[in-house]
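S.K.: Next come the chains, spelled out residue by residue.
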Amino acid sequence: DAGVTQSPTHLIKTRGQQVTLRCSPKSGHDTVSWYQQALGQGPQFIFQYYEEEERQRGNFPDRFSGHQFPNYSSELNVNALLLGDSALYLCASSPLAGLTDTQYFGPGTRLTVL
Amino acid sequence: DAKTTQPTSMDCAEGRAANLPCNHSTISGNEYVYWYRQIHSQGPQYIIHGLKNNETNEMASLIITEDRKSSTLILPHATLRDTAVYYCIVRVGTGGGGADGLTFGKGTHLIIQP
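Just so you know, the sequences run in chain order G and C. Take the first sequence: its position 57, counted from the start at 1, is 57 in our numbering, and no numbers get skipped. Numbers in our numbering are just positions in the second sequence, counted from 1, shifted up by 1000.
Extracted from the complex, chain C is given alone in its bound form (with noise of 0.2 Å):
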């Protein structure tokens, strides 16, 4: 099962930011967060990922809260182009070690309104 739990739905207007919440309190000390997006029937689109500090790249931004027991995904000015269903995962960091597949859950699916 998935660690992580998100809302089923959410609507953003578009130039507006759009802010995905993610709840994730059983993660483990070396598990970091990651988020995906997946347009309708194309592949999932990596986005960002963090262990504890806040994310800044290009695409988003990601805020994990001290505890690390909850996230948000922030796409600072959404357009149309960003109706998507997004993923929030938890998993190890490889440390060079390899790490493991990774486990989705249903997501939020976002829509973006004009």
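Next comes chain G alone, as it looks inside the complex (with noise of 0.2 Å):
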């Protein structure tokens, strides 16, 4: 059974630029929410969707929007970007429905902006 996956690991851009970072979700799961971990701090909420819809956001600006397939996987994209736009950017899936949804996260995607 496959964990949650993301693409691409590694990614270098410079300021100004666009970038789109891709998540596929655990097996089962349909819900996906993007995180973001600046260097030395915990990660910080980004938006989360379900049934291709954002359903809750994060305080985070404009330039992230995102968006969710028929086949529950996403995307994160970040225009205009900036030099403090550089973190890991996390990618969690969880099932919606039951008790409780535990998010489970992929290894991540390493964003730097030059």
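Read the hints as simulated data drawn from the structure, not as lab findings. Every residue gets a Cβ at the ideal spot worked out from N, C-alpha and C, and that includes glycine. The reader is advised that the hints may include incorrect statements.
To be verified - Not everything, but these chain G residues come out facing chain C in the computed CB check (under 7 Å):
1) 43
2) 90
3) 104
4) 107
Build the complex from these two chains, which are given one at a time in their own frames, with help from the hints.
M.R.: Laid out in structure tokens, this is it:
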């Protein structure tokens, strides 16, 4: 049973560029959440997708947007990159139904903005 | 802000039990206690969660006080591979209605000494 997968593993961009990160959820999961983790900090919640719609959003600007596809995979898009966007971007998947929706994380994408 | 308080760092000898405390004095009746750990530069790994009863799985045990204002994660026989940052998180159980993103604090850096 494959866990959460993310691509690419590493990415280098320059300021002002746009980037797209991808995530495939764990089998049987239909909800995807994205997190940003700056160096030395805990992960910060960006947003969550369910049924192809954004259902909750953290304190991130509109430059951060996402999409969920019918197969439950998801993309995170960041426009007009800033140096401060350099971070580890984590995707987590969970089953929405059930008493508790434990989130399982992927390995992350390391984004460096120069 | 995170709803939990954890020590910044702890040491434990290899082979001994590692006991990681967490204070969550403002926890609500419908909030669960979750524990995750993150080994350097990897995605967070789910360990265990509980509501009010003590829980045990193949990785760890979770002891929650009767008033639910604090808890302890126990790794029964710590190994060098258990060196990681451990996060204690409180969050609402879904009840089938979905749940929010995780709010991570700074966690406890557990160092297992040989």
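S.K.: All hints are to be evaluated individually against the structure, with a verdict given for each.
M.R.: Do the hints match the structure? See the list:
1. 43: 5 Å, holds
2. 90: Where the cut-off is 7 Å and the nearest Cβ of chain C is about 5 Å from residue 90 of chain G, the hint holds.
3. 104: Given a least distance of 6 Å, the restraint on residue 104 of chain G holds.
4. 107: 5 Å, holds
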